[in-house]
Amino acid sequence: MKTTVGAIAAMVEGRLLRGDEAHELTNFAALDQADASCVSFFGNAKYREQLERTRAGLVLVPAEVEVKADHAGALVAVANPILAFDQIVRAYGTLPPPFVVGISAAAYVDPEATVDPEVSIGPNASVLRGARIGKGTRIGAGAVVGEGAVIGQDCAIGPNVTICQGCLVGDRVILHPGVVVGADGFGFEFVEGRHRKIEQLGIVRIGDDVEIGASTTIDRARFGETVIGEGTKIDNQVQIGHNCLIGKHCIIVAQTGISGSTRIGDYVVLAAQCGVAGHLTIADRVTFGGRSGVISSIDEPGGTYFGYPARTLKEDRRDAMRVKQLGNLLKRVKDLESRLGHAEE
Amino acid sequence: MKTTVGAIAAMVEGRLLRGDEAHELTNFAALDQADASCVSFFGNAKYREQLERTRAGLVLVPAEVEVKADHAGALVAVANPILAFDQIVRAYGTLPPPFVVGISAAAYVDPEATVDPEVSIGPNASVLRGARIGKGTRIGAGAVVGEGAVIGQDCAIGPNVTICQGCLVGDRVILHPGVVVGADGFGFEFVEGRHRKIEQLGIVRIGDDVEIGASTTIDRARFGETVIGEGTKIDNQVQIGHNCLIGKHCIIVAQTGISGSTRIGDYVVLAAQCGVAGHLTIADRVTFGGRSGVISSIDEPGGTYFGYPARTLKEDRRDAMRVKQLGNLLKRVKDLESRLGHAEE
Amino acid sequence: MKTTVGAIAAMVEGRLLRGDEAHELTNFAALDQADASCVSFFGNAKYREQLERTRAGLVLVPAEVEVKADHAGALVAVANPILAFDQIVRAYGTLPPPFVVGISAAAYVDPEATVDPEVSIGPNASVLRGARIGKGTRIGAGAVVGEGAVIGQDCAIGPNVTICQGCLVGDRVILHPGVVVGADGFGFEFVEGRHRKIEQLGIVRIGDDVEIGASTTIDRARFGETVIGEGTKIDNQVQIGHNCLIGKHCIIVAQTGISGSTRIGDYVVLAAQCGVAGHLTIADRVTFGGRSGVISSIDEPGGTYFGYPARTLKEDRRDAMRVKQLGNLLKRVKDLESRLGHAEE
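Chains as they are written, first to last, in my numbering: chain A, 1 to 345; chain B, 1 to 345; chain C, 1 to 345.
Everything labelled a hint here was simulated from the structure, so no lab data went into it. Glycine residues also receive a C-beta, built at the ideal position from the N, C-alpha and C atoms. Incorrect hints may appear among the rest.
Partial selection, computed: residues in chain C whose CB lies under 7 Å from chain B [what the hints assert, rightly or not]: (1) Gly93; (2) Gln255; (3) Val323; (4) Gln325.
Given only the sequences and the hints, what does the whole structure look like? Please build it.
Rendered as structure tokens:
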């Protein structure tokens, strides 16, 4: 983007409280990351200190704000700084490419695939035999939709995604680049000194309104289905093992792994880099802090857990505190020993 | 699938002990995950309790089983429930697509590549100059076989896999979607304030009967070879650094990372999310629990290790127990202090 | 490779101190990994012990070296063993494929993309509308350059890489296979029981001379830019969240994750499997040991931190030592209790 303080003020119908209309702006940023080239906004009183210290070239502020006399950048008063900022971001930001109906001449669509007339299929994408793709769905360049896979309506399947044979994807699902849905689960029997493959003949079923981040992998079931419930959002580089049942409206943050056959309730939150062992059951609305290691089931809904093995915040802090106080404890024991030496004399 | 209790009983030549022949079945599941739409099986006495509580629409049971009078679903007695269940899964499950000899018209095979007449190469796959592909091998859609790479017989190279220049893949190897074999190792020299790249001129050699999970990455050697030994099975999102030598018949579970130049023996098991430092040697048949952090070599074969830094189960549990007992220890010291106060009076 | 002791000695103009000129050599390896088929080198006195025990078929040594009488393999004396070894590796190693100017007939380049005449674009690569690619840049097979993305000069974009719409890549950047640049950041608002997507309208900007390992993912900013500073080197399977600002000349090792809006200084080192929470600031030249969990900002430049939560090496070792000594502490308290029992009598 390339604009000016004056142009921004005009666009959001704001009032220039301070600053030079001709000052050039080329970027957006939060208050604490902004420099003189950036538009920023002050939308929440808890960032008051950041407002005082920001180097932003322009800050959108509420009309009633008071700012120090030596504030560096321009200030533009608006009714709602958050909405005004969104308006500018939307005007100047990098929007997703528009949906263009059509199948690229450089794509491969098998004659035995069933594709709605209103899809968008990018170059070098492959839609294999028996696959079905619903209306309004976009298949990115280089993506592969496997044999008999079914994708619903209004989905955005990113570039270089792989959806393997027979897997089912709901409506309005977003799969970011590099996602792999339906690779074989990891199952072997040890027979005569070798690991013999256990065939993985189930599928993955992804509910409506699910979003899955770049390079996340979700394994097909050994039999039956690995399920990602409606509305669940999964970040990048998450691994979900075969036969997992993930509930609805969960949040699973980056680099978390969930081992096979684990059942996660609805509205569960797993922060980044968690690990969940296999064959567990986690109740609804449970939250795990970053890096939690979950090695037993949790029956009670709604709790918050931390650490490895995962425990309540209270327990986690208590254990950490006790380790921290060990030096002090050692000193007290030494002191006791020395006093007891005296007492015994 | 869409079938009935009666049809399943007939297929496996079983005897209907209880239930409605017309009940509809659409899925498979383990006893604890099954609902009324599912076929399940009771093949191991240790799941007795699950049998009592299952909501499965049909359970395959051994002829001699005794079940509570109020058991909900159908029961079908067979000689071997595990084999009968496998038979049903195979009949109704999602089988891998059949091997069809031929090169897709939408694939690119370099004129200087050498490809056996009996291969299957999917659309938008790229087989580059000097590559060689053996009989019975399948190259998935969008996969890339780099310059001079050699792939043996009867391999299944998944969609969007990348095998980089010069790497060697044995026979009957399975690479799941998104695997990267032979990217450069991570090696730099710090010279005058900048990291200067150390060229990575070795390769990756993958032995026969290896299976590698989705989005796993195995780096080429700085010189010589990074080796994955025969029969080793690697799960999704594993990272193996340059010049590692992984032994035969190992199991490496998801999201584990092994740093450069480490040598892992045969039959080693690394559970999920382990980390192994570089330049270590791990003896044969060593097992590491999930999340182990391995920072020193292990010379003795056959042990089991846990935690960070990795230690024996006994040590790991003892340390955990001691931290748990810290509250009690603190109380005892307080008590001593108070008594000693008295004693001194 | 297939050569002999004599041929290697001649190539590096070395002097055969010991061994059979006709002995066959087929590989390279470090001293501790070499067998009789390998060329190796002794270039640093600290590997003296490895020299004594190596099974290498040929070792390049400095002229003045003294070796045990029963050393197994051939020894060839040269002025500088490191340089001589590099010469051999370069002659026999697997070099990157040569840069061949041209666009593969099997690639897709949008008519509205701007591509320098001197680029190399592999088969099944897709260069989408409005993308720009600079002179001397190589786009690997199956890679996708999104709408309006800009790539500088002399870059190596690996096979199956995805660069999403609008992202900016500097000069001499190396992206290894499977890298995803510019997928949406992970941002949602919880509204009436559902997670509503917050649009991610910023980009990723990658500085000059950056190298990024296989399957690493770098998310686009919510607004503005996610930045990877000049000269920074990132290993495989690293995750960098939206709006992160990574400084110049950093080293970020495999499987590390950095949460959104965190600002990392210059020359920061993150060893493997670290996790950094969101919205933190890390000062220049800070180093984190493997698996560090960073949950608060670090203002002081140049320190080294370990563990979770990350602390100084001194603190980390002290805490570990104290836990190790708990058994001893317990014994001392028991002893005190027993003595105090006596004292009270």
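Quiz item: Hints broken by the structure, by number, lowest first?
Solution: Of the numbered hints given earlier, the structure breaks just one, which is hint 4.
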